[in-house]
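Listed here are the chains, written in short residue letters.
There are 2 protein chains.
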Amino acid sequence: MLPAMSEQLQIAHVRHVLIRLEETIIFALIERAQFLRNAPVYQPGAFGEALEGESLCGFLLRECERTHAKVRRYTSPDEHPFFTDLPAPILPPLGFAENPLVPNTININSRIRTLYEETLVPLICAPGDDRQYGSAGVCDVACLQALSKRIHYGKFVAESKARQPSEALREALAKRDPSLLMAAITDTAVEQQVLDRVAAKAGTYTAELNRNATTPTVAPEVISAIYRDWIIPLNKAVQVEYLLVRSGR
Amino acid sequence: MLPAMSEQLQIAHVRHVLIRLEETIIFALIERAQFLRNAPVYQPGAFGEALEGESLCGFLLRECERTHAKVRRYTSPDEHPFFTDLPAPILPPLGFAENPLVPNTININSRIRTLYEETLVPLICAPGDDRQYGSAGVCDVACLQALSKRIHYGKFVAESKARQPSEALREALAKRDPSLLMAAITDTAVEQQVLDRVAAKAGTYTAELNRNATTPTVAPEVISAIYRDWIIPLNKAVQVEYLLVRSGR
Chain D
1 MLPAMSEQLQ IAHVRHVLIR LEETIIFALI ERAQFLRNAP VYQPGAFGEA
51 LEGESLCGFL LRECERTHAK VRRYTSPDEH PFFTDLPAPI LPPLGFAENP
101 LVPNTININS RIRTLYEETL VPLICAPGDD RQYGSAGVCD VACLQALSKR
151 IHYGKFVAES KARQPSEALR EALAKRDPSL LMAAITDTAV EQQVLDRVAA
201 KAGTYTAELN RNATTPTVAP EVISAIYRDW IIPLNKAVQV EYLLVRSGR
Chain X
1 MLPAMSEQLQ IAHVRHVLIR LEETIIFALI ERAQFLRNAP VYQPGAFGEA
51 LEGESLCGFL LRECERTHAK VRRYTSPDEH PFFTDLPAPI LPPLGFAENP
101 LVPNTININS RIRTLYEETL VPLICAPGDD RQYGSAGVCD VACLQALSKR
151 IHYGKFVAES KARQPSEALR EALAKRDPSL LMAAITDTAV EQQVLDRVAA
201 KAGTYTAELN RNATTPTVAP EVISAIYRDW IIPLNKAVQV EYLLVRSGR
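Protein sequences, first through last, are from chains D and X.
If you read the first sequence in this note's numbering, its first letter stands for residue 1, the second for the next number, and so on.
If you read the second sequence in this note's numbering, its first letter stands for residue 1, the second for the next number, and so on.
Just so you know, the hints here were simulated from the structure itself, not pulled from any lab data.
From the structure, some residues in chain X lie toward chain D, with a derived Cβ separation under 7 Å: (1) I19; (2) F27; (3) A50; (4) L91; (5) G134; (6) L209; (7) T214.
So the derived label-pair ranges between C-beta atoms look like this: (8) D:E98 x X:D229: 37 to 47 Å; (9) D:G45 x X:D85: 25 to 35 Å; (10) X:P40 x D:V190: 29 to 39 Å; (11) D:A88 x X:E98: 43 to 53 Å; (12) X:P40 x D:T84: 23 to 33 Å; (13) D:P93 x X:P92: 34 to 44 Å; (14) X:D78 x D:P44: 21 to 31 Å; (15) D:G128 x X:T215: 39 to 49 Å.
No residue lacks a Cβ here, since even glycine has one placed at the ideal position from N, Cα and C.
With the rest of the complex left out, here is chain D (with noise of 0.2 Å):
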């Protein structure tokens, strides 16, 4: 079942689903990967005017946006869309509980889609251009809608520790001081848990399936390197802007 929104800050729940997202985030980079870095995928009017001044990328990103803007995917706290001129839900609305975040409109995607272009793609991906543009945009999507969920789900874990924060958590949203809740929400020992594990899911994933491929697939340093460098960072951002949010109402 999906849990009731309170059951949804459990932290059992929290963790589950971020160490699942691992797994879903390794796959879709691994699955870009397999083409070559393909600039012209990333460029608006790369394909002529036809994608209505959007990248390939860009265009397919939207549109898949708005169909699941149509089947109510952003209408769930845990989801956050790229773009913002999406349609209106078809679906009537899902008798969701309660959602248990205070209302924010914390949303980095733009950054995640900058990051994402520019700097992992040509980390994951082999230089040069091999033309298939369709599939590695496809992939994109993927690669860029299991980040921004990973990255914001940031939210949940903030007001999961506000509910019962520490002794520097509680000092630092009463100062509302962003570095005083950078300091309160960080805890090196369990980011070098989570560093340890997607290094070892990363290292077996990438060795299976480089026993059978011509060429070898994303080096599994570069997998951790995201989480270590930008995954875990932009989460981290996300919970102290959730933070002073919640603690300026």
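Based on the hints, put chain X in the right spot on chain D.
Below, chain X without anything else, positioned relative to chain D:
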């Protein structure tokens, strides 16, 4: 580089594509298996009239195909849509080298969709309903597209064999006999290699996932059984259909 069409028929390339599709299929099945069966996803009308008579799965698939048709996915000879009323491409045609296949309209996606919804989903997913309909449906689209690609790749396999036919295949082609064709294209040793490799991959991927998961994912035996009982036989059925078209020209 995307190989020229003549290279697409080289047995090493065909083999590479088929092997790499194993990961795409296994990853897609594993992703779907994180959700319960969710029967309403496959019931036309379960979400009211808004989906134009389609089930949620069908709606997501059709909308996805509409988008992909616009960026000319189905102009590629290795892609086959599930729906027929798709929009024309809005991008100019790709400068593909010539299509190496003989003209044909073989498309068994309606069989694949029924098989997937009625047989494979109950095999890979635990029974029950977690109400994560949208997430499940998005995974369904990925599964269906991967299965369709793998199964219809039989056209390339068959064309490759027909260009360098064995004695048995030469005879079967001359007689245009489906049973002889099936016998001539069947290589039990190679099939066993595929099954062994898929079993090894599925074993590795699911074991890694289960190390940290709260509930076990799809059993690896199920994944190799799907290959044994459906993917390989349907791929061979496409090969025979294709060879009948090819030898009747």
